[in-house]
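Undergrad: Single-letter residue listing:
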Amino acid sequence: MNINLTLFGQMISFAVFVWFTMKYIWPPIVAAMEARKNKIAEGLAAAERGELEQELGQKRATELMREAKLQATEAIAQAQKRAAQIVDEAKENARAEGERLILAARAEIEQEMNRAREELREKVAVLAIAAAEKILEKEIDPQSHKKLIDSFVNQL
Amino acid sequence: MDSSELLTSQGYIKHHLTHLTFGYLPEKGFGFAHSAAEAKAMGFWAVHVDTLFFSILLGVLFLWFFKRVADRVTTGVPDPVQNFVESLLDFVEENVRGSFRGRNPLIAPLALTIFVWVFLMNLMDLVPVDLLPWLFQHFMGWFGVDPHEVFLRVVPTADPNATFGLSIGVFFLILYYSLKIKGIRGFWAELAYHPFGKLGLPFNLVLETVNLLAKPLSLSLRLFGNLYAGEMIFILIALMYSGGGWMMSLAGGGLQFIWALFHILVILLQAFIFMVLTIVYLDMAHQEAH
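Protein chains in written order, with this note's numbering: chain A, 1 to 156; chain B, 1 to 290.
Source of the hints: derived by calculation from the structure; they are not laboratory data.
Any given hint might turn out to be false.
[What the hints assert, rightly or not] Derived BS3-like pairs (lysine-lysine); straight-line CA-CA distance at most 30 Å:
1) A/Lys81 x A/Lys69
2) A/Lys134 x A/Lys123
3) A/Lys39 x B/Lys198
4) A/Lys134 x A/Lys147
5) A/Lys23 x B/Lys67
6) B/Lys215 x B/Lys182
7) A/Lys134 x A/Lys146
8) A/Lys147 x A/Lys123
9) B/Lys14 x A/Lys23
10) B/Lys180 x A/Lys23
11) B/Lys28 x B/Lys14
12) B/Lys182 x B/Lys198
13) A/Lys37 x A/Lys23
14) A/Lys23 x A/Lys39
15) B/Lys182 x A/Lys23
16) B/Lys40 x B/Lys28
17) B/Lys14 x B/Lys40
18) A/Lys37 x B/Lys67
[To be verified] A few chain A residues that don't get close to chain B, going by computed Cβ distances all over 10 Å:
19) Val18
20) Leu56
21) Glu89
22) Arg115
23) Leu148
This structure is a prediction, so every number in the text was calculated from the model and none was measured.
Beta carbons are placed, not taken as given, at the ideal position from N, Cα and C, and that holds for glycine.
Construct the complete structure from the given sequences, taking the supplied hints into account.
TA: If you want it as C-alpha cells, here you go:
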C-alpha cells in the first residue's frame with residue numbers, strides 16, 4: 001500500500017468528472033425526463049377530459065333524442081286531437097247546415113201554404129159573394145157587408 | 001513445492017501487485033520503476049501510471065457515453081440507450097431522494113459519477129487477470145523492454161490511491177458543507193459538545209473527530225479491501241495453471257469462472273455502497289446537530 005502522487009491525480013480527475021457530470025450530463029437528461037413526465041401527464045389528462053366530454057356529449061344526445069321523441073308524440077297527439085276536432089266541427093257544421101236547410105224549406109212551405117190559403121180564402125170570399133148573390137138574387141154591396149164577409153173568410 | 005516454484009509463485013504474485021510506476025530515483029533520474037523495490041524506493045513523488053490511465057480512460061468513457069445521450073436526448077420515445085441511461089439516472093435520483101433530505105444540485109450528479117465510475121473501475125476486475133498485463137508486456141517487448149520489468153495493474157479501485165482519492169474528495173465536500181450549513185460555531189459545537197455536553201469536551205472532541213475521520217477511511221478501505229481481495233483471489237486461482245497438469249488448469253478455469261460470477265455481485269454492490277454512503281454522509285453534513 002504505497003500512497004503517492006496518484007492520489008492527487010485521482011482527486012483531480014474525480015473533481016473534473018463530477019463537475020462535468022453536474023454541468024453537461026445530469027441537467028439535460030433530467031430535464032428531458034421531467035418534460036416527458038409532464039407530457040405524459042398532460043396527455044393522460046387530455047384523454048380523461050376527452051372521455052368526460054364524450055360521455056357528456058352522449059348524455060346530451062340521449063337527452064335531446066328523448067326530448068325529440070317526446071315532442072313528436074306530443075305533436076302526433078295534438079294532430080290527432082286536431083283532426084278529431086275538425087271532424088267534429090265538420091259534423092257539427094253539416095248538421096247545422098242541414099237543420100238550416102230544413103228550416104228554410106219548412107219556412108218556404110209555410111209561406112207557400114199561407115199564400116195558397118190566402119188565395120183560396122179570397123177565392124172563397126168571391127165565390128161566397130157570388131153564391132149569396134145568386135141566392136138572394138140581388139146584388140150585395142161588398143162594401144156594406146165587408147165585416148160579415150171578413151168574419152166568414154176568417155172562419156175558413 | 002520446491003523453492004524455485006515457490007519463488008516463481010511469489011514472483012508471479014508480486015509482479016501482479018506492482019504498479020506501473022513513474023517517478024524519480026536519485027541514481028537513475030526520472031523513469032519507470034523496473035522492479036517492485038524500485039517502485040517502493042520512489043516514495044511519495046511517484047505516479048501509478050496504470051491506475052491513472054485506466055481510471056481516467058474509464059471516466060472519460062463514462063462521460064463520453066452519457067454526454068452523447070445527453071446531446072441527443074429526446075422528450076419523445078427514448079431509444080434503448082437513452083432508456084438505459086434514464087433508468088440509471090432514475091435509480092440514482094431515487095437513492096438521493098431517499099437518503100438526502102436537503103436540496104443540493106451537486107449531490108445527484110456526484111452520486112451518479114461515483115456509482116458509474118466506481119462500477120467501471122471495479123469491472124476491470126472481470127477482465128481475465130493476465131490478459132492485459134500479458135498484452136502490455138508483449139507490446140513493450142517490441143520496444144526492447146524486458147517483460148519482467150513491465151508491470152500493469154488494471155483495476156484502479158484495487159489501488160488505495162484511487163479509493164482514497166475518491167473518499168478524500170467526498171471528505172472535503174463533507175467538511176465544506178458542514179462549515180457552510182452550520183457555520184464554524186455549529187461545526188465546532190457538533191465536534192466538541194457531543195455526546196457528553198460541555199464538560200466532556202476533550203473526550204467529545206476525540207470521539208467526534210474519530211467519527212469524522214472514520215467516514216472517508218471506511219469508505220475507501222471498504223472499496224479497496226474488497227477489490228484488492230477479489231483481484232488477489234483471481235491471481236491465486238491463476239496460480240493453479242502453473243501448478244501443473246490439465247486437471248488443475250481445468251479446475252482453475254472453472255474456479256475463475258465461478259469467482260467471476262460471484263464477483264459481479266461484489267463490484268456492483270461496492271459501487272452502490274460507495275454511492276449510498278456518500279449520499280448519507282453528505283446528508284449528515286447538511287443537517288443541524290440533533
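Undergrad: Against this structure, judge whether each hint is valid.
TA: Here is how each hint holds up against the structure:
1. For the suggested pair A/Lys81 and A/Lys69, the alpha carbons sit about 18 Å apart, so the restraint of at most 30 Å is met.
2. The straight-line distance between the Cα atoms of A/Lys134 and A/Lys123 is roughly 16 Å, inside the 30 Å bound, and the hint therefore holds.
3. About 56 Å separates the Cα atoms of A/Lys39 and B/Lys198, which puts this hinted pair outside 30 Å; it is violated.
4. Using a Cα cut-off of 30 Å, the hinted pair A/Lys134 and A/Lys147 holds, with the two alpha carbons roughly 20 Å apart.
5. Distance restraint check for A/Lys23 and B/Lys67: the Cα-Cα separation of roughly 10 Å lies within the 30 Å cut-off, and the hinted pair is therefore satisfied.
6. Of the pairs offered as hints, the one joining B/Lys215 and B/Lys182 holds, with about 19 Å between alpha carbons and a cut-off of 30 Å not exceeded.
7. Taking the CA atoms of A/Lys134 and A/Lys146, the gap is near 18 Å; set against the 30 Å cutoff, the hint holds.
8. Note on A/Lys147 and A/Lys123: the hinted pairing holds, with a Cα-Cα distance of about 17 Å set against a maximum of 30 Å.
9. Annotation: proposed proximity of B/Lys14 to A/Lys23 is violated, straight-line Cα distance about 42 Å (limit 30 Å).
10. Distance restraint check for B/Lys180 and A/Lys23: the Cα-Cα separation of roughly 22 Å lies within the 30 Å cut-off, and the hinted pair is therefore satisfied.
11. Proximity of B/Lys28 to B/Lys14 is assessed by CA-CA distance (about 23 Å); at most 30 Å being required, the pair is judged to hold.
12. Our distance criterion of 30 Å between C-alpha atoms is met by B/Lys182 and B/Lys198, whose separation comes to about 18 Å.
13. Pair hint A/Lys37 plus A/Lys23 holds up; C-alpha atoms about 22 Å apart against a cutoff of 30 Å.
14. Between A/Lys23 and A/Lys39 the CA atoms are separated by roughly 25 Å; this keeps the pair inside 30 Å, and the hint holds.
15. Of the pairs offered as hints, the one joining B/Lys182 and A/Lys23 holds, with about 26 Å between alpha carbons and a cut-off of 30 Å not exceeded.
16. Straight-line distance between C-alpha atoms of B/Lys40 and B/Lys28 comes to about 14 Å, which keeps the hinted pair within the 30 Å bound.
17. Of the pairs offered as hints, the one joining B/Lys14 and B/Lys40 holds, with about 13 Å between alpha carbons and a cut-off of 30 Å not exceeded.
18. Between A/Lys37 and B/Lys67, the direct Cα distance comes to roughly 21 Å. Compliance with the 30 Å bound is thereby established for this hinted pair.
19. At the 10 Å boundary, the C-beta of A/Val18 falls inside the reach of chain B, the nearest C-beta of that chain being 5 Å off.
20. A cut-off of 10 Å between C-beta atoms confirms that A/Leu56 is not in contact with chain B; the least separation is 31 Å.
21. No Cβ of chain B approaches the Cβ of A/Glu89 within 10 Å, the least distance being about 76 Å, so the stated non-interface status holds.
22. Remark: the non-interface label on A/Arg115 is consistent with the geometry, its nearest Cβ contact in chain B lying 113 Å away (cut-off 10 Å).
23. No Cβ of chain B comes within 10 Å of the Cβ of A/Leu148; the nearest lies about 134 Å off, and the non-interface call holds.
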